[in-house]
Every structure is written in C-alpha cells, then in structure tokens.
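A.B. asks: Between the sequences and the hints, there should be enough to build the whole structure, so can you do that?
Protein chains: 2
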Amino acid sequence: MKKIEHQSLSDRAYQALKDGLQEGVFLPMQPMVIRNLAAEYGISATPIREALQRLVAERLLIVLPNRSIVVPRMTRELFLDLMPIRVSLEGLAARLATSNFSPKDLEKLEKLVQRVANAMTHYDAKTYLLLNREFHFAIYEKAGNPELLQLINDLWLKVGPVFTGLFDDAYFREHANDEHQNILRAIKAGDAEAAQHYMQQDIDIAAKALLPLMPEDDVT
Amino acid sequence: MKKIEHQSLSDRAYQALKDGLQEGVFLPMQPMVIRNLAAEYGISATPIREALQRLVAERLLIVLPNRSIVVPRMTRELFLDLMPIRVSLEGLAARLATSNFSPKDLEKLEKLVQRVANAMTHYDAKTYLLLNREFHFAIYEKAGNPELLQLINDLWLKVGPVFTGLFDDAYFREHANDEHQNILRAIKAGDAEAAQHYMQQDIDIAAKALLPLMPEDDVT
DNA sequence: ATGCGGTATATCATATATCAAATAGCGTCA
DNA sequence: TGACGCTATTTGATATATGATATACCGCAT
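Same order as they appear, the protein sequences are chains V and L. At position 84 of the first sequence (counting the first as 1) the number is 84 in the working numbering, and the numbers step up by one without a gap. At position 152 of the second sequence (counting the first as 1) the number is 1152 in the working numbering, and the numbers step up by one without a gap.
Among the clues, some could well be false.
[Unchecked claim] With a Cα cut of at most 25 Å, we get these calculated SDA-like pairs of lysine to any residue: (1) Lys18(V) <-> Asp1154(L); (2) Lys1158(L) <-> Val87(V); (3) Lys1018(L) <-> Thr46(V); (4) Lys126(V) <-> Ala39(V); (5) Lys158(V) <-> Leu1149(L); (6) Lys158(V) <-> Pro215(V); (7) Lys1208(L) <-> Tyr1171(L); (8) Lys1108(L) <-> Ala1192(L); (9) Lys158(V) <-> Leu1061(L); (10) Lys126(V) <-> Asp154(V); (11) Lys158(V) <-> Asp1154(L); (12) Lys158(V) <-> Lys1208(L); (13) Lys1208(L) <-> Glu193(V); (14) Lys1158(L) <-> Leu61(V); (15) Lys18(V) <-> Met32(V); (16) Lys18(V) <-> Leu1061(L); (17) Lys208(V) <-> Pro1146(L); (18) Lys158(V) <-> Val1087(L); (19) Lys18(V) <-> Ala1057(L); (20) Lys208(V) <-> Leu1061(L).
[Unchecked claim] Calculated from the model, a selection of chain L residues having no Cβ within reach of chain V, i.e. all distances over 12 Å: (21) Tyr1014; (22) Leu1027; (23) Val1113; (24) His1122; (25) Glu1134; (26) Phe1163; (27) Leu1166; (28) Asp1169; (29) Glu1174; (30) Arg1185; (31) Ala1189; (32) Asp1191.
[Stated by the list, open to error] According to the in silico footprint, chain L covers these stretches of chain V (three or more CB under 8 Å from chain L): (33) 136-149; (34) 177-189.
It should be emphasised that the hints constitute simulated quantities derived from the structure, not laboratory data. Virtual Cβ for every residue (Gly too), placed ideally from N, Cα, C.
C.D. replies: Next comes the structure, spelled out in structure tokens:
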C-alpha cells in the first residue's frame, strides 16, 4: 500500500513556479502578479504569495521598490559575482566526491560523457544542456554534503537560464567535453586535486563563453 | 528631511526573529508556535507565518514532519558539512578582498586584531566573539561580491550560536589571534594566496576546537 | 496493562475580506 | 504643454475566519 503523500498548496505552487523559472516562462523584470497567478493556478492568493516569498528568500526572485516581485535580469556584474563562487563550491564538491564512486557510478558517468559528446556532435543544444546538468550533479551528489549540494543547486537555478547561450560559442562547442573527460579521468584515478582543477576549468571555460552575452548593468 | 522608510510587519517580524536566533533566544527543536509569537509581538499570525517561512526558505529554521517549525540542533554531521563550505567560501573572500584595502581599512583591521588580543588576554569571551565577527566581516566585505557576502553571512547565522564554545579550548585561546595576525600580514603584503591560506587555517583551527562539543546526530 | 476508537484540542494551511500603498488617469491651471 | 491635485484602480500586506491535520486524552474491551 503506497503511503499517501500530502503536499500543501503552498509547496505545490512553489514547485510549479520553480519549474516555470527553470523553463524561462517568466520574463525578467516582468511583475509576477499574485492575483493573476492565483487565478491561473486555481487557488487562492495566500499559497501563491507564500511561494513567491519563499523564492524571494532563496534569492531566485527579487522585490522591486514598488513591492512587485520579478525574476531578476542576469547582469554582467551579477554573473561575475556568481562565477568565482561556483568555481569555489563546485570545485570543492568534485574534490569531496572523488573517493566516493563505485564502479557502477563510474560507468554511469562514462555513459554521460559519451552522451554529452553525442549531443554536441548533433548540435543538439537542448539535450546537451540536460546531460551537462546531469553529468555535473552526478558528481556533486557524490560529495555527500547536503548543504553543499543545496547551495550548488541554488546557483544553477540562478545561472541556468543563461546556459542556453553556451552553444553560441564555437570554442566552447569544440572543447566543452574535454574537461568532462579530464574530470572523469581524474575521478577514476582517485585524484581529488585534479578533479577539482578540471571541474574549475570546465566552469571557467563556460563562464568565458557566456560572458559576452551578459548585458551591462540593469537599465530598467 | 529624512526619508520615511516603510517596513512591512512581515519584514519587522523577520528581523526580530533573526535577532532572536542570533542571540540564541529560541531553543533548538522547540516548536515556534505562530499564535504565541503573534500574541507576543502584538500582530496577527500572517506576518509571523511569513517571517518563519522565510527563515525556513533560508534554511535557518526547519519544518518537522508534524509541520511545526524549529531551530535545528547543530549536529556533528551538519557541522562537518558546513566547515569545508566555510573554508572554501571564506578563503575565496579573503583572496578576492586582498587587493581592495585602503590604508585606512588596514588601520582599522590592525586595531581589530589588537582589540581581539586584548579581549583574549582578559578572558572576555563575549567581546572576543563580537570582535572576531567584526574582524572577519571587515575582510569579507572588501571582496566586493554581494552574493558571496550573503552566503557567508548565512553560514555564520547557522554556526554562530556554537561559537560560544570556542573559549572552552585552551589551544584555541592561545593561538586564535595568530591566524588573524597572519591574515593581516598577508593582506598588507598584498599576498592574496597567503591571505586565503591563513583565513582557511583560522576557520580550520576554530572548527577543530568546536568539533568535540558537537552532539552526535539528532536523537530527538 | 495494553490497544483501540472516538472526541476534543492545538496548531498549521488556506480562503476571503479589508486595509495600505502605489500607480494610472483625468481635469484644471499657468 | 507641463505640472499639480484629486480620484479610481490595481496590487501587495494584513487580519480574521474557517478548513485540514496532528496530537492528546478518555473510555472501553480484551
């Protein structure tokens, strides 16, 4: 008998909004009006308001001076602030994870590297992005540090929407999977420092590919 | 004419609760009952609930399976999870900060190191803790990365309450300010790598002093 | 003494009404 | 035409009532 899982409306609204964020449904700087969202989701304003406030507390949304809540526009400055943090935390995660892989885990990781390569060969940006994320989190989860995983997940939610620009960069397209292979090799060799190094390289290269796409500071 | 700053009840409740957290007013694992807090603060349940949910979203509070909200008890495991993150982020902040100090900033930092030493000489734990925090954040703020500063601030909110145990450790009492002096020297020399290294040492030494005080995993 | 069922109570979650604040729109005046 | 004042409207914030869920307590049967 399957346990009945109760989920509050607030939690469900939160998840729906978060999915919408990930899918880029909400335009940056466009007010997310509580009453409209409530009507759209067929529930009252309260759980919507709670879900929005929660996303604000998680810094995925911001409150403007007129109190409306919006998806922040990614700016060059914010992007530059986030990158060293990602390098630092994701490098740490790769280092912590390195000694925690079973042969089965390694096999899975190998398959992911291959599938990433395949997606790139076919210029399949959408699949690439999904698999890239899967590859990275297959490693970060092995770090065995829930707090760290959560922080990294939050970071990805913030910068995720701009990853779609990665395929615009020819250098990136050609070298993107090199670092994945280097990371994999280091992990297989149990070389935590190397894994950290190549993970940081991967993030650095991606950041350099994306930076030209970042708008100058907000001109709202 | 001073601008009239409007602050919502929800924001004010949030700040009051956060202050309470910092001062250790709320016992770990003791339910924070919305109605009681609302009565105590003289406002309705809604802004209290919002403030609590916000603190949950920031992971400073947790929701138990029975839906009550509590301050999580710091466990050995959580502590061990948080420390490498602190080492990583606060080391990064020290490194980023190193080239951003004016002579006046350095003077201020020097005074703080002296005052920390003074508090230790007088076995003044309370003053020590305040000044220690002030010293650290004087540096982190110089990193010029608001996202990073926020993350570090959050981490300090989580582990802050257990810092009171630092004075219990004789080794720590004797060596605590050594690293501060090393950090200061590195910053004055503009040596970002050294500043990072000594900052990480400082956090590491403090963690080792605190670890014996950490209870085994939750036995609620 | 223990386990079970039912009821009462406590407390969270949600809906709704109302209040508070911001903005839009309109008319008037210089 | 632009600035100002006023009103209406929109939208967030809060209060309150009610629904939903969890827990405590009691009585009864074994």
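A.B. asks: With reference to the structure, classify each hint as holding or not holding.
C.D. replies: How the hints compare with the structure:
no. : hint                      : verdict
1   : Lys18(V) <-> Asp1154(L)   : holds (22 Å)
2   : Lys1158(L) <-> Val87(V)   : holds (23 Å)
3   : Lys1018(L) <-> Thr46(V)   : holds (23 Å)
4   : Lys126(V) <-> Ala39(V)    : violated (31 Å)
5   : Lys158(V) <-> Leu1149(L)  : holds (16 Å)
6   : Lys158(V) <-> Pro215(V)   : holds (15 Å)
7   : Lys1208(L) <-> Tyr1171(L) : holds (10 Å)
8   : Lys1108(L) <-> Ala1192(L) : holds (19 Å)
9   : Lys158(V) <-> Leu1061(L)  : holds (23 Å)
10  : Lys126(V) <-> Asp154(V)   : holds (21 Å)
11  : Lys158(V) <-> Asp1154(L)  : holds (18 Å)
12  : Lys158(V) <-> Lys1208(L)  : violated (34 Å)
13  : Lys1208(L) <-> Glu193(V)  : holds (23 Å)
14  : Lys1158(L) <-> Leu61(V)   : holds (23 Å)
15  : Lys18(V) <-> Met32(V)     : holds (13 Å)
16  : Lys18(V) <-> Leu1061(L)   : holds (21 Å)
17  : Lys208(V) <-> Pro1146(L)  : holds (21 Å)
18  : Lys158(V) <-> Val1087(L)  : holds (23 Å)
19  : Lys18(V) <-> Ala1057(L)   : holds (13 Å)
20  : Lys208(V) <-> Leu1061(L)  : violated (37 Å)
21  : Tyr1014                   : violated (9 Å)
22  : Leu1027                   : holds (22 Å)
23  : Val1113                   : holds (26 Å)
24  : His1122                   : holds (35 Å)
25  : Glu1134                   : holds (23 Å)
26  : Phe1163                   : holds (18 Å)
27  : Leu1166                   : holds (21 Å)
28  : Asp1169                   : holds (24 Å)
29  : Glu1174                   : holds (30 Å)
30  : Arg1185                   : holds (23 Å)
31  : Ala1189                   : holds (22 Å)
32  : Asp1191                   : holds (18 Å)
33  : 136-149                   : holds (count 4)
34  : 177-189                   : violated (count 0)
Checked against the numbered hints above, the structure violates hints 4, 12, 20, 21, 34; every other hint is satisfied.
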